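S.K.: The residues making up each chain are set out below.
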Amino acid sequence: MKSFYSCLDNGCSNTLTQAMQHTINGQMATDNFGTVVFYTAEDRETLGHQSVMRSKIMERPAIDGIVYLRLYQFCYSGTFDFGFLMELLDNGYEVHFSREKLSIQHRDQLDELYETLKVFEFLAAQEQPSNPGALSD
Amino acid sequence: MDECDSHPPFSRSFQAQGAIGGNGNATTNTRHITLSQTFENEFLESGFLVAKAHQPDQIEQIKGIIFDKAREILDVDSANAESFFDNFHRNGLNDSDLNDFRVRLISEFNSAPNVCEIIFEAFKDTLFSLVGPDAVVQKSVNIVIQQPGDTSVSPAHRDAPPNSLYEVVVWLPLTKCYGTKGMSILDRSASSLANEMLEKEPPAYEDFKKLAAAKGTPLEMDFGEALFFWTGLYHYIPVNAESETRWSLNLRFKNTFSPYGRKGIPDYFRIVSSSPLSKLAIGQAKKSDLPT
Numbered sequence: 030m031k032s033f034y035s036c037l038d039n040g041c042s043n044t045l046t047q048a049m050q051h052t053i054n055g056q057m058a059t060d061n062f063g064t065v066v067f068y069t070a071e072d073r074e075t076l077g078h079q080s081v082m083r084s085k086i087m088e089r090p091a092i093d094g095i096v097y098l099r100l101y102q103f104c105y106s107g108t109f110d111f112g113f114l115m116e117l118l119d120n121g122y123e124v125h126f127s128r129e130k131l132s133i134q135h136r137d138q139l140d141e142l143y144e145t146l147k148v149f150e151f152l153a154a155q156e157q158p159s160n161p162g163a164l165s166d
Numbered sequence: 307m308d309e310c311d312s313h314p315p316f317s318r319s320f321q322a323q324g325a326i327g328g329n330g331n332a333t334t335n336t337r338h339i340t341l342s343q344t345f346e347n348e349f350l351e352s353g354f355l356v357a358k359a360h361q362p363d364q365i366e367q368i369k370g371i372i373f374d375k376a377r378e379i380l381d382v383d384s385a386n387a388e389s390f391f392d393n394f395h396r397n398g399l400n401d402s403d404l405n406d407f408r409v410r411l412i413s414e415f416n417s418a419p420n421v422c423e424i425i426f427e428a429f430k431d432t433l434f435s436l437v438g439p440d441a442v443v444q445k446s447v448n449i450v451i452q453q454p455g456d457t458s459v460s461p462a463h464r465d466a467p468p469n470s471l472y473e474v475v476v477w478l479p480l481t482k483c484y485g486t487k488g489m490s491i492l493d494r495s496a497s498s499l500a501n502e503m504l505e506k507e508p509p510a511y512e513d514f515k516k517l518a519a520a521k522g523t524p525l526e527m528d529f530g531e532a533l534f535f536w537t538g539l540y541h542y543i544p545v546n547a548e549s550e551t552r553w554s555l556n557l558r559f560k561n562t563f564s565p566y567g568r569k570g571i572p573d574y575f576r577i578v579s580s581s582p583l584s585k586l587a588i589g590q591a592k593k594s595d596l597p598t
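Heads up: the sequence lines are chains C and W, in that order. Just so you know, the first sequence maps onto residues 30 to 166 in my numbering. Just so you know, the second sequence maps onto residues 307 to 598 in my numbering.
No lab work stands behind these hints, which were simulated from the structure alone. Certain hints may be false.
Cut-off 20 Å, straight-line C-alpha distance, at most; resulting in silico cross-link-like pairs (PhoX-like, lysine-lysine) [stated by the list, open to error]:
hint: 1; chain 1: C; residue 1: K147; chain 2: W; residue 2: K516
hint: 2; chain 1: W; residue 1: K506; chain 2: W; residue 2: K516
hint: 3; chain 1: W; residue 1: K445; chain 2: C; residue 2: K130
hint: 4; chain 1: W; residue 1: K516; chain 2: W; residue 2: K358
To give a feel for the contact side, a few chain W residues facing chain C, derived at Cβ under 8 Å [claimed, not checked]:
hint: 5; residue: C422
hint: 6; residue: E423
hint: 7; residue: G570
hint: 8; residue: I571
hint: 9; residue: P572
hint: 10; residue: D573
hint: 11; residue: R576
hint: 12; residue: S580
hint: 13; residue: S581
hint: 14; residue: L586
hint: 15; residue: I588
hint: 16; residue: A591
hint: 17; residue: K592
hint: 18; residue: L596
Bear in mind that the values here come from a model prediction, so they are computed numbers and not experimental data. Ideal Cβ positions, reconstructed from N, Cα and C, are used throughout, including at glycine.
Produce the entire structure from the sequences given, and follow the hints as far as they go.
M.R.: Following this line, the structure appears as structure tokens:
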């Protein structure tokens with residue numbers, strides 16, 4: 030049984046309550062042969078930098094990966110944070126996205142998905158509010 | 307005027323025309339594909355058109371995949387796909403079993419390699435004309451099975467919103483469609499009237515239902531043809547009063563970079579085709595985003 034961190038998205042908690050996000054990410058963990066052993070979420074101020082998750086990863090937890098609610102959590106800064114995603118993968122962590130039913134388990138897969146993620150970044154940038162902390166959906 | 311231009315688009319299908327290259331010959335690799343001007347105008351006017359597959363073998367391949375998987379799930383012997391599909395109701399599945407069968411068939415069909423790519427290739431000329439070479443496709447193709455007398459039909463509706471108005475729906479029958487064994491669609495003019503009725507406060511829904519029944523264009527189509535329609539059009543399938551089962555597929559395409567509705571990428575769509583220019587631009591960006 031794999032173990033995952035669950036990273037909830039405070040940027041859309043007005044629409045999807047934390048309880049709903051737990052259920053969704055928990056199911057994604059199950060679908061990927063694991064369970065959630067710990068959950069966290071960024072503060073509104075750290076959404077763009079993912080400071081909370083970066084700090085947790087620096088502790089090198091003995092987990093198999095992270096389940097995010099959605100890809101947009103990598104776009105709060107205005108561009109897709111490929112650097113942090115690579116860091117997670119290079120440290121041996123799987124990265125899963127519940128909304129998109131998307132799993133990235135190694136760096137080669139990131140290469141294959143790059144075009145799709147770049148298009149996602151392009152589209153996300155068009156919807157980017159001036160203040161990410163004010164996001165409600 | 308060529309032969310295709312003389313056909314009304316909703317009763318006869320057409321082949322998209324390849325514009326002539328520099329040497330005067332249309333070639334597979336270099337031709338520039340466009341809908342003929344007449345059909346482009348017809349699509350703008352009505353919001354839909356029926357086109358034949360440019361690669362019929364590809365559509366036969368799709369039909370074969372579904373035929374094989376359906377026989378396997380039902381554990382029945384049948385040598386003839388057309389007869390199997392038309393007479394599917396004779397298997398006597400109840401509603402629950404039929405739903406289980408359909409869900410499993412959709413799952414297994416979409417697990418088969420490259421089904422969306424095969425459909426895209428089959429109608430590539432038409433799709434290039436409608437959405438361009440940068441195209442995304444719905445990740446999961448829907449399969450609809452309408453047995454004779456089945457009253458489980460969706461009321462008239464349009465896909466956008468919540469889908470984007472920049473999408474085209476491809477409706478692909480696996481069986482011959484005639485009479486009530488087909489689909490009905492309201493053209494742009496009738497759909498506009500329908501919008502006016504539904505925008506009233508309260509919505510004039512009963513009037514809308516009458517309008518849909520009166521103005522819906524029933525489509526007569528053969529296997530190998532597909533209906534392409536704008537997501538802003540209302541459409542519905544009547545209760546199948548014929549003696550044969552109708553099978554159809556539906557999926558949606560749009561330009562990769564046009565506005566999305568509530569269904570985005572990669573949650574609902576995935577890339578199926580990229581222009582050379584996009585490949586260059588994305589390749590350049592990748593060097594800085596994913597340094598080796």
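S.K.: Next, verify each hint and record whether it holds.
M.R.: Going through the hints against the structure:
About 46 Å separates the Cα atoms of K147 of chain C and K516 of chain W, which puts this hinted pair outside 20 Å; it is violated. Proximity of K506 of chain W to K516 of chain W is assessed by CA-CA distance (about 16 Å); at most 20 Å being required, the pair is judged to hold. Between the alpha carbons of K445 of chain W and K130 of chain C the distance comes to roughly 11 Å, so the proposed pair stays at or under 20 Å and holds. Note on K516 of chain W and K358 of chain W: the hinted pairing is violated, with a Cα-Cα distance of about 32 Å set against a maximum of 20 Å.
The beta carbon of C422 of chain W comes no nearer than 14 Å to any beta carbon in chain C, farther than 8 Å, and the hint placing it at the interface is violated. Evaluation of the E423 of chain W hint against chain C yields a violated restraint, the C-beta minimum of about 15 Å exceeding 8 Å. Hint on G570 of chain W holds. Least Cβ distance to chain C is approximately 7 Å, under the 8 Å limit. Of the supplied interface hints, the one on I571 of chain W holds, with its beta-carbon coming within about 6 Å of a beta-carbon of chain C, less than 8 Å.
About 5 Å separates the beta-carbon of P572 of chain W from the nearest beta-carbon of chain C, less than 8 Å, and the hint is met. For D573 of chain W, the suggested interface contact is upheld, since its CB lies about 5 Å from the closest CB of chain C, less than 8 Å. With its C-beta approaching chain C no nearer than about 7 Å, R576 of chain W sits inside the 8 Å limit, and its interface hint holds. A least Cβ separation of about 7 Å between S580 of chain W and chain C falls short of the 8 Å threshold, and the interface hint therefore holds.
Checking S581 of chain W against chain C: minimum C-beta separation of about 12 Å lies over 8 Å; hint violated. The restraint placing L586 of chain W at the interface with chain C is violated, with a minimum CB-CB distance near 12 Å, outside the 8 Å limit. With 8 Å as the threshold, the beta carbon of I588 of chain W comes within range of chain C, its nearest partner Cβ sitting at about 5 Å, so the hint holds. Given the 8 Å rule on beta carbons, the hint for A591 of chain W holds: about 6 Å separates it from the nearest Cβ of chain C.
A least Cβ separation of about 5 Å between K592 of chain W and chain C falls short of the 8 Å threshold, and the interface hint therefore holds. Because the beta carbon of L596 of chain W sits about 6 Å from the nearest beta carbon in chain C, less than 8 Å, this interface hint is met.
The structure is inconsistent with the numbered hints 1, 4, 5, 6, 13, 14, although it conforms to all the rest.
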